[in-house]
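Number of protein chains: 2
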Amino acid sequence: MEANHRPKLEDVAAAAGVSKTTVSRVLNHRGYLSEKTIAKVQKAMQELDYRPNIIARQLYKQRTDLVGMIFPTVDNPFFSQLEAEMERQLYRNGYKVLIGNSQNDPAKEENYLQQLLTHQVDGLIVGTQNRGLIGYQHANLPVVAIDQVVGKNIPVVSSDNYQGGLLATQRLLDDGCRHIIHTNGPLGLDTPTQKRREAYEHLMTKNNLPAITYHLDFNISTIDKERVFRRIFEEPPEVDGIFAANDTDASTIINLASEYGKRIPEDLKIVGYDGSNVTRLLLPGLTTIQQPIDEMADLAVQLLQARINGQNVKSVVLPVTIWNGKTA
Amino acid sequence: MEANHRPKLEDVAAAAGVSKTTVSRVLNHRGYLSEKTIAKVQKAMQELDYRPNIIARQLYKQRTDLVGMIFPTVDNPFFSQLEAEMERQLYRNGYKVLIGNSQNDPAKEENYLQQLLTHQVDGLIVGTQNRGLIGYQHANLPVVAIDQVVGKNIPVVSSDNYQGGLLATQRLLDDGCRHIIHTNGPLGLDTPTQKRREAYEHLMTKNNLPAITYHLDFNISTIDKERVFRRIFEEPPEVDGIFAANDTDASTIINLASEYGKRIPEDLKIVGYDGSNVTRLLLPGLTTIQQPIDEMADLAVQLLQARINGQNVKSVVLPVTIWNGKTA
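Just so you know, the protein sequences line up as chains A and B, in that order. When we follow the UniProt record's numbering, the leftmost residue of the first sequence carries the number 1, and every step to the right adds one. When we follow the UniProt record's numbering, the leftmost residue of the second sequence carries the number 1, and every step to the right adds one.
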């Protein structure tokens with residue numbers, strides 16, 4: 001197969017025996033053309049498998065019908081469900097999606113952002129955790145953020161992280177846990193997940209119990225993560241409850257617990273976070289805080305469309321629920 | 001915030017006090033320009049947050065540096081790991097990715113395909129399970145398929161499905177299972193996963209055992225899937241081994257087994273398929289056939305680049321391994 005030779009407008013004109021202007025008129029539905037001429041040109045296009053260059057056409061049009069998405073990764077049950085649902089909704093509304101996964105790398109995120117802007121996306125949905133990308137604010141582009149405060153004029157769709165922190169911690173307290181550890185992301189970043197920690201600290205303090213949070217970097221390897229989590233079992237106090245940053249962390253801790261002879265939930269109770277479809281399917285026994293992932297995705301798409309249409313929109317916080325598994 | 005007004009070339013020219021031609025020269029690094037003029041134009045571009053219209057520029061260029069991907073869904077541990085890894089590799093090689101998730105809907109797949117072609121992607125990586133899209137063959141476009149025979153000139157990257165079927169079935173036979181059921185996709189489609197079934201049937205027949213395959217539609221709901229799987233426990237023969245189509249199906253069956261009072265692995269042994277990172281993390285006890293997902297992704301990107309550069313490439317089949325969990 002010959003690589004990459006695309007038939008051009010002149011090839012169609014030659015095959016149909018008409019001028020390039022005539023082909024162009026057929027393509028753009030402009031000017032007077034006989035049925036016969038139209039049929040001739042369309043037949044030539046079909047035979048040559050000619051596809052009009054949408055790039056050229058977009059020059060005359062304000063919209064590209066492309067939406068950009070920048071997220072940390074698609075390889076995570078929370079983000080993959082979120083991205084899949086947004087893509088589904090965007091497609092339903094006539095948009096195609098350009099995705100960029102930043103892997104929490106600010107340089108890669110910036111690069112993707114620039115690329116998406118130069119590709120003239122109609123709008124952007126962002127869910128990355130890095131900061132300092134003031135480009136989001138400078139660009140005259142409709143942007144919606146998910147679960148991240150990106151800039152002061154950018155609406156955010158999130159679920160109630162503080163409520164989630166309260167629900168998780170209260171469940172462990174109600175179960176009789178007194179030595180509860182919380183895992184979270186890096187402390188330096190002002191991410192909404194820190195609200196879960198604040199809720200945890202608030203309840204622990206209210207109950208005169210020490211609040212201990214393990215902060216983990218985003219890009220830490222699985223092996224290093226396990227090393228950190230081992231400290232939970234090896235260092236005092238003897239832990240009896242864990243409020244994990246997400247379901248995959250909860251699963252890693254559950255797997256480690258058996259190594260240390262801890263029975264779940266008898267010796268150690270665990271509450272995860274996210275409650276994606278995949279987690280609920282693979283690990284239905286995990287008690288976890290369930291974010292309304294599909295609703296967040298649908299709402300983000302609605303808000304972006306409103307922004308594209310020039311409407312002002314406000315940030316929205318959706319409630320979370322607890323999934324009652326067997327680990328707490 | 002004002003919606004969607006993008007500064008134009010003439011705005012930059014006006015702000016810099018130069019002609020449009022001069023701005024265009026600065027953008028395209030063409031013609032003689034003084035350092036002072038360049039600085040003036042660049043300053044104006046920065047202040048206006050002007051971004052050159054890449055769409056217009058691509059008209060003069062053969063490549064868009066865009067690669068399209070069409071897959072059934074991103075919301076599945078196998079595909080999300082595969083797509084994430086391909087995106088990582090493509091980014092490393094200077095490409096951005098346009099994705100379309102077909103949800104196994106031929107109309108949606110066709111629509112995405114047309115869109116990607118009109119967006120002038122440099123190449124396409126496809127992993128969808130529907131057929132009849134002869135467009136893949138007609139388009140003069142570099143295409144690589146993953147695990148799907150798409151057309152006779154299109155190279156396929158796959159893992160050894162027949163070997164996987166042998167490994168899974170042999171493990172269950174070695175464990176002493178005699179009533180082994182296999183789950184798979186719809187029989188009508190000539191997908192490579194049918195090779196797993198053929199391997200299963202081959203080994204069962206060789207051992208004088210009946211081969212029973214449950215065929216499930218792709219878009220079946222979770223509830224309907226469970227209904228089908230219940231028949232495994234409710235209909236004779238009394239099953240003692242299951243070779244599941246994928247890890248999420250294996251997990252669903254494991255969850256059902258306890259309802260029917262079946263202990264795993266004592267009463268029932270199960271082997272899954274895929275062995276993605278997420279599955280191994282959330283369900284490490286599952287014995288499963290592990291596809292080399294990252295290697296498949298890396299290879300698909302390599303082959304596509306070779307095709308884009310006009311080289312001929314051949315299909316590749318990678319070996320699979322068995323992950324030794326506790327379910328078989």
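A portion of the hints provided could be inaccurate.
Pairs count within a copy or across copies, as identical chains cannot be separated in the list.
[Claimed, not checked] EDC-like, lysine to aspartate or glutamate: derived pairs with alpha carbons at most 20 Å apart: (1) LYS314 with ASP267; (2) LYS108 with ASP160; (3) LYS20 with GLU35; (4) LYS225 with ASP49; (5) LYS152 with ASP298; (6) LYS108 with ASP298; (7) LYS108 with ASP65; (8) LYS36 with GLU266; (9) LYS262 with ASP217; (10) LYS8 with ASP122.
The set of hints was computed from the structure by calculation and includes no laboratory data.
Now for the hints, and whether the structure bears them out:
In this assembly of identical chains, LYS314 and ASP267 lie within 20 Å of each other by CA distance neither inside one copy nor across copies; the values are 45 Å within and 55 Å between. In this assembly of identical chains, the alpha carbons of LYS108 and ASP160 never lie at most 20 Å apart, being 29 Å within a copy and 34 Å across copies at closest. In the homo-oligomer, the alpha carbons of LYS20 and GLU35 lie at most 20 Å apart inside one protomer (17 Å), although the nearest pairing across protomers, at 41 Å, exceeds that limit. For the identical chains of this complex, LYS225 and ASP49 are neighbours neither inside a copy (52 Å) nor across copies (41 Å), given an alpha-carbon limit of 20 Å.
In this assembly of identical chains, the alpha carbons of LYS152 and ASP298 never lie at most 20 Å apart, being 22 Å within a copy and 39 Å across copies at closest. Taking the closest pair of Cα atoms, LYS108 and ASP298 come within 20 Å of each other only across two copies (19 Å); inside a single copy the shortest separation is 26 Å, beyond that limit. In the homo-oligomer, the alpha carbons of LYS108 and ASP65 lie at most 20 Å apart only across protomers (16 Å), although the nearest pairing inside one protomer, at 24 Å, exceeds that limit. Proximity of LYS36 to GLU266 under the C-alpha cut-off of 20 Å is found in neither arrangement, the shortest distances being 81 Å within a copy and 74 Å between copies.
In the homo-oligomer, the alpha carbons of LYS262 and ASP217 never lie at most 20 Å apart, since the shortest distance is 26 Å inside one protomer and 41 Å across protomers. Taking identical chains as interchangeable, the C-alpha atoms of LYS8 and ASP122 lie at most 20 Å apart only when they sit on different chains, with a minimum of 16 Å there against 27 Å within one chain.
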